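Colleague: The listed protein sequences derive, respectively, from chains A and B. The first sequence: position 178 = 178 (this note's numbering), numbered continuously. The second sequence: position 283 = 1283 (this note's numbering), numbered continuously.
The set of hints was computed from the structure by calculation and includes no laboratory data. Every value quoted in this text rests on a predicted model; they were computed, and no experiment measured them. What you were told as hints is all true, and nothing was included just to trick you.
Distance condition first, Cα-Cα at most 25 Å in a straight line; then the derived PhoX-like pairs of lysine-lysine:
| no. | chain 1 | residue 1 | chain 2 | residue 2 |
| --- | --- | --- | --- | --- |
| 1 | A | K236 | B | K1236 |
| 2 | B | K1279 | B | K1241 |
| 3 | A | K49 | B | K1279 |
| 4 | B | K1049 | A | K280 |
| 5 | B | K1049 | A | K279 |
| 6 | A | K216 | B | K1236 |
| 7 | B | K1241 | A | K216 |
If you anchor each label on the Cβ, the simulated ranges turn out as follows:
| no. | chain 1 | residue 1 | chain 2 | residue 2 | range |
| --- | --- | --- | --- | --- | --- |
| 8 | A | D271 | B | E1235 | 46 to 52 Å |
| 9 | B | Q1074 | A | W182 | 28 to 34 Å |
| 10 | B | T1295 | A | K252 | 43 to 49 Å |
Every residue gets a Cβ at the ideal spot worked out from N, C-alpha and C, and that includes glycine.
2 protein chains.
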Amino acid sequence: MAMKRVAVSAFQALSSSSPSSSSLTRHLHASAGSKKIVGVFYKANDYAKLNPNFVGCAEGALGIRDWLESQGHQYIVTDDKEGPGCELEKHIHDLEVLITTPFHPAYVTAERIKRAKNLKLVLTAGIGSDHVDLNAAAAAGLTVAEVTGSNTVSVAEDELMRILILVRNFIPGHHQVINGDWNVAGIAYRAYDLEGKTVGTVGAGRIGKLLLQRLKPFNCNLLYHDRLKMEPELEKEIGAKFEEDLDAMLPKCDIVVINMPLTDKTRGMFDKEKIAKCKKGVLFVNNARGAIMDTQAVVDACSSGHIAGNLATHQNSIKDQ
Amino acid sequence: MAMKRVAVSAFQALSSSSPSSSSLTRHLHASAGSKKIVGVFYKANDYAKLNPNFVGCAEGALGIRDWLESQGHQYIVTDDKEGPGCELEKHIHDLEVLITTPFHPAYVTAERIKRAKNLKLVLTAGIGSDHVDLNAAAAAGLTVAEVTGSNTVSVAEDELMRILILVRNFIPGHHQVINGDWNVAGIAYRAYDLEGKTVGTVGAGRIGKLLLQRLKPFNCNLLYHDRLKMEPELEKEIGAKFEEDLDAMLPKCDIVVINMPLTDKTRGMFDKEKIAKCKKGVLFVNNARGAIMDTQAVVDACSSGHIAGNLATHQNSIKDQ
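If we strip away everything but chain A, and leave its shape as in the complex, we get (with noise of 0.2 Å):
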C-alpha cells in the first residue's frame, strides 16, 4: 500500500525532524507525549470491503491507525469536515496533525488555522496542497507537507493511457461495443497508430521523463520543452529532442502532453494562441493541473476541429494488489 507508507514516512520524516531555525515554526515535539491526529478522508462504504489494500478512504484510515495507536498517539478518521458542526470542527482547537487527500479535502482556511491553536502539521496523504492557505499557514509556522514523488508513476502510466486511448479512438469504439454498434468507418476515419507520431512533453521533470522513457519502444519522435535540457547521456537513453522554443515544438507535435507545475506564470497559458500554434487535430492529454489550459479556448477549440482530442489525469491508483 503505497498510501500507508507514503504516509508512515512523511510522519516520521516530520516527527523526527530537527527543529527548525525560524523562532516562528510550531514544532511537532515541542508538546512531549500523545499527539491527537485527525484524518479526514472520502468514506468508501461498500468499496472499502471489497479490497483490503484499499486504505486511502475513512474506512482504511491510510493503514496507520495499529502504528500510530502503538506509539500513544490519539486518531481521529473522520469524512465530515464542512459546517461549524462538523467533527473536524470539534477537534480544530487541540488537534496537532491533520492528514488529508486531494480527492475530499480538508480547508484549512486561515480562519482555521486561527482556532487551531495546537495545529504543527498538515499532511497530504499524496501531492498537492491546494486545500490549505499557504500564507495563513507560513505566518501561523505550520508545517504543510506532500509526499514528492509519491504519484509520478501513476501520472506517467495515466498519460500513456491516455494518449493511447486518443491516437487510437478508443472511447467511441468502446460505446458502440456497449450499445450493440457496428459503424467501423465511424471509429476508424481517426484511428491511428502511435507509432511514427510526434509526441512533445511541456516540462520534463519527474512525470515527463518517465512518460519518455515507457514512450521510448513505441518509436515515436520524441520532443520536449523544458528550462532545462536533461544531460546528455540520460537524453540519449530516452532518445528525446530537446526544445527550447515551445512556439517552435509545438507545431511539430501530434501529441502535446502538459507536465508542468501549475504557478501563477503557467496557470491559463494555454490559450487561443498558444493553441493556434498547433498542428490542426492535435490530441492535449493534461495532467491534474487542468487550469494549465484556459478552459474556453480549449472548448472553442475542440468544437472548431483544432484539438481533436483533450483528455485530462486519473491519476489514482493504489500501488499494491
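Starting from the known structure of chain A, fit chain B onto it as the hints suggest.
Modeller: Here is chain B on its own, set in the frame of chain A:
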C-alpha cells in the same frame, strides 16, 4: 496509408509470382491483359470526407484505383455483397481478383467459388481469411492471401492500451466524468499501477514480442509461454522469462494476454479449468481471436469476480497521418 501500401505490395507480389508447380492452381498471368478486380469494403459515408487518408472504405477504394487503372485493369468497388441481386454477384462470373477486409467481408463460399470461373486471387487487405471457404478455395486452385504482419504494431499498441485501461480502471472513471458523478472510492478500490505487476503473454510471436518490448519500461514482471524459447539475446533485451508450462505460468499472472493464433487446438482452450488456474481478480486481454476463450466460462468467471476485467482487441487503425 498502410492499407494502400499493403494492398499494392500484396497485389504486385501475387501478380509477379512465377507459376506454381501445382497444375490445379489458377494463375493470374494465365489470362493476358486487363483484369477485372472487385473490391468489397464498407461504406464510410460522411466519415470518408473527414480524412483523405482513410482509404479502407468503399469511397477510398484502398487508394489504388489510379494505379490499377493506369495498369489497364478494371476496378469495381462496392459494399453490396449479400443476396442474389447484389453488386458482387453481378461480377462473380468474370472477376479475376477479389479484395476485401475482415470488417465488411465478402464471403467466398464453396458455391460462389463454383460460379467464379475466372477467380484466381482472393486478397484480404489486412489479416484474416475466415470469410473464405479455404478447403473449397484450395480444391479450386485459388490463391488466398492476406498481408502478414500488417497489423502487428496496431494490435500490440492496442493490447498495451487495454492493459492500462483495465489495471487503472479507466472505464468507470470515464463514465463518472461524463455523467457528472464524483465517487472516487468506486474507482480507486480497484485502480492499480501497472508497475510491479506480473504480465504473462500466452504466445510470443510477432505481436507478443512487440507487446513485451513496449511493456519493458513499465517495470513489470514479464512472462511468456510459447512453444519456443526466444534467442537468449532477444530474451535478455526484452527482459521476459520463458514459462514452458502454461499451467505453471497462469497462477503467477495479474494480467494474461492471449497472443495465439486461433486453430483447432486453441479454440476454446481458455475454458473453466484453465481460468480456475488463474489468480482471483486476473485481468484478461485477448486479441481478435476471441474464440480462444470459452465464452460461457468467461461470463461465469467475470460474474463470480474470478476475472476482474476482459477486453478484446480493437485493432483497426490508419498508419500514416
